[in-house]
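Participant: Letter by letter, the chains look like this.
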Amino acid sequence: MNCQRFETVVSELARGQMMAAEQRSEALAHSDECDDCAARLGDEQMLTLGLQSLASEMESLEAPRELEAKLLEAFRAREVVVPIAKRSSSRYWLAAIAAMLLIAISVVVFRWSNRPAEGPRQLVKQEEPKPQINDKSNEQFARDVEKPDVEDSLPQRPKPKRFHPVTPRRPEVANHVTKEIATDFIPLSYMSAASLQQEGGQIIRVQLPRSALANFGLPVNMDRYNEKVKADVLYGVDGMARAIRFVQ
Amino acid sequence: MTTGLHRRMKLKSDVNDNELLRLMLAGDEEALSVLYRRRQGSVYRFALQMSGSRSIAEDVTQEVFLFLMREGQVFDDSKGTVGAFLLGVARVHVRRRLRAEHRLEPLGDESDDDDVFMQSTSDICPLEDLTRAETIESVRKAVLSLPPKYREVVVLCELQDVSYGETAEILGCAIGTVRSRLHRGRALLLAKLRPAADVEETESSTVRCFA
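Just so you know, the protein sequences line up as chains E and H, in that order. The opening residue of the first sequence carries number 0 in numbering that gives the first Met the number 0; numbering runs sequentially from there. The opening residue of the second sequence carries number 0 in numbering that gives the first Met the number 0; numbering runs sequentially from there.
Just so you know, these hints were derived from the structure itself, not from any lab. Heads up, some of the hints might be wrong.
Said to hold, decoys possible - Quick list of simulated restraints, FRET-style, between CB atoms:
#1 E/Leu101 x H/Gly171: 48 to 58 Å
#2 E/Glu226 x H/Gly26: 22 to 32 Å
#3 H/Val91 x E/Ile104: 43 to 53 Å
As the list claims (entries may be wrong) - Sample of chain E residues with no beta-carbon within 10 Å of chain H, all distances over it, derived:
#4 Glu21
#5 Pro63
#6 Ala97
#7 Ile203
#8 Arg209
#9 Asn214
#10 Met221
#11 Arg223
#12 Tyr234
#13 Asp237
Stated by the list, open to error - Far from chain E, some chain H residues (derived; all Cβ distances over 12 Å):
#14 Val14
#15 Leu97
#16 Glu100
Since we're looking at a predicted model, the values are computed, not measured. All C-beta atoms in this analysis are idealised placements derived from N, C-alpha and C, irrespective of residue type, glycine included.
Work out the full structure: start from the sequences and follow the hints.
Facilitator: Below is the structure:
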């Protein structure tokens, strides 16, 4: 072994690191022969000793005790935060699922409403109960129509008799009609109720000023005076308006 | 109640670091406590030996364990031990702190080596009696004055007694790099601890020796 080779192993030799026995004995033999390399090995061993002394002196050093308390406190705080985060994330999931369901339902309804109408079935006049004119139910409507946003909470009334329109009607319109509350038909001409039931005709949905309620003896909420009110007008076969009912 | 807590903690002290980390991430406070008590010393000492500042060492230790609480799931046991992982995190925080406090020169700047030679400490030769307290202090200062990339290898391999393999994991480099940096770091330390005249003599004698 020469000095250059010795230089490559002197640190590990001084540190007592694992090395091949043959290499170790060669290095020690060289240091016995070469004074400079022996001095070099001595310096490295002293440095190792110094570093070991420093390491042993610092071995007992630890972080302050209060640091553990701080960390545990932070850990507990984190434990409180986590469930909140979980809850909020589950809420987002629920909202996302609800949004997806809404979109899916909208698509289904849209496709259903756009499918071609089944002509023959729509054109056949269906057997439906004919409108009944009853002033008592009109009074009930008048009370109902002036109560805002109570549609769903009101008891379902028996469906009044009505005439099926000749024009095709979209299913959602029919569904919407079933949820509506309406007065009975109020005659607009001198025709009797009996003749209305026999004649048949066509119903047209219109919107009228709320003040029109007063023309038929129904009370008007002055706070909602400017709003519109929906009404179904019954036309006879001759195109003349026969009766009207108000719808909420 | 306190006795019960100590008993449970004693039971957990037999559990390995990986399992303690798993329990801690599942919300087990005692697991954190045991893991902290087991590993805080090496993290604190590493930060202290790297920075020379107790306040930085405390901050780094706290940041390392806070990181473990928040991001502990990133630990991959196939890549190394929890101890090495913590020292790796500590290394990042120490560097950040030192950089912030302008104590760390840009990494890989070899010109630092010359500065270290110029910063030879005192006229007395510390190598004559390295067991003395003042000489230990000289060694400590010499270590602190090393360029960071040599300092961290010296601290890990010499002061923390971490193996070459684990040091390579912590630093994210090859074992050969660790060996060469350690060799170079030790040479720089010797140069710092040796009086200037002695340096010249040794350098000239090294050139002469080809036996």
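Participant: So which hints don't hold here, by number, going up?
Facilitator: 2, 5
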